[in-house]
Amino acid sequence: DSGVTQTPKHLITATGQRVTLRCSPRSGDLSVYWYQQSLDQGLQFLIQYYNGEERAKGNILERFSAQQFPDLHSELNLSSLELGDSALYFCASSVGPDPYEQYFGPGTRLTVT
Amino acid sequence: SQQGEEDPQALSIQEGENATMNCSYKTSINNLQWYRQNSGRGLVHLILIRSNEREKHSGRLRVTLDTSKKSSSLLITASRAADTASYFCATDAKLVFGQGTRLTINP
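As given, the protein sequences belong to chains A and B, one line each in that order.
Our numbering numbers the first residue of the first sequence as 1 and each following residue consecutively.
Our numbering numbers the first residue of the second sequence as 1 and each following residue consecutively.
To be clear, the hints were calculated from the coordinates, so they are not data collected in a lab.
From the three backbone atoms N, C-alpha and C, an ideal C-beta is built for every residue, glycine too.
Derived, one-sided and incomplete: chain A residues facing chain B with beta-carbon distance under 8 Å: (1) Y33; (2) F45; (3) A56; (4) G58; (5) D98; (6) Y100; (7) G107.
Pulled out of the complex, with its shape left as it was, chain A reads as follows (with noise of 0.2 Å):
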């Protein structure tokens, strides 16, 4: 158990709808790192967020939106959704601003029929 916390598990959702993936940092870290899994692509950085702050940027699409709460969780918001954007989405965490040492959570499994 990495202590990093992501829900929901599973999503089964309809294109064009909009979903929203939460995750909980382990307790002490004040980054959290957002990535898509899917069989084509490998595995994507989309975002990175410290203390509250954006602080790198990956290959996500300008449907997708994530912040990060004065609590640290985070939340990655898909909208417009596509049936490519069927993939794992996980979150990470770690201590510091740099990626040193990141703690995966167990992912959110999304299929958009």
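Fit chain B to the given chain A structure using the hints.
This is chain B only, laid out in the frame that chain A set:
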């Protein structure tokens, strides 16, 4: 292209044998990390090696780093069925993971 690229893409060996996988990267780094992912699960941090280190050990894991060649290798000795997983490298320079090496240990 990816900052961390693992090679080979897949590796299948017999239990008890050693497994070696490689990672190449493109820019200067402060450290390089190896992670393991069991099917459908989150990644687990295995080991971090800093740019001023050439070799590091952790249990049955041995990691080497060659900054002149921008490459690293992960050696798993005396493999076990439980080592079956995908292995990824990542650097601090960019939050990019490669496609990983899928390691299968056959009993």
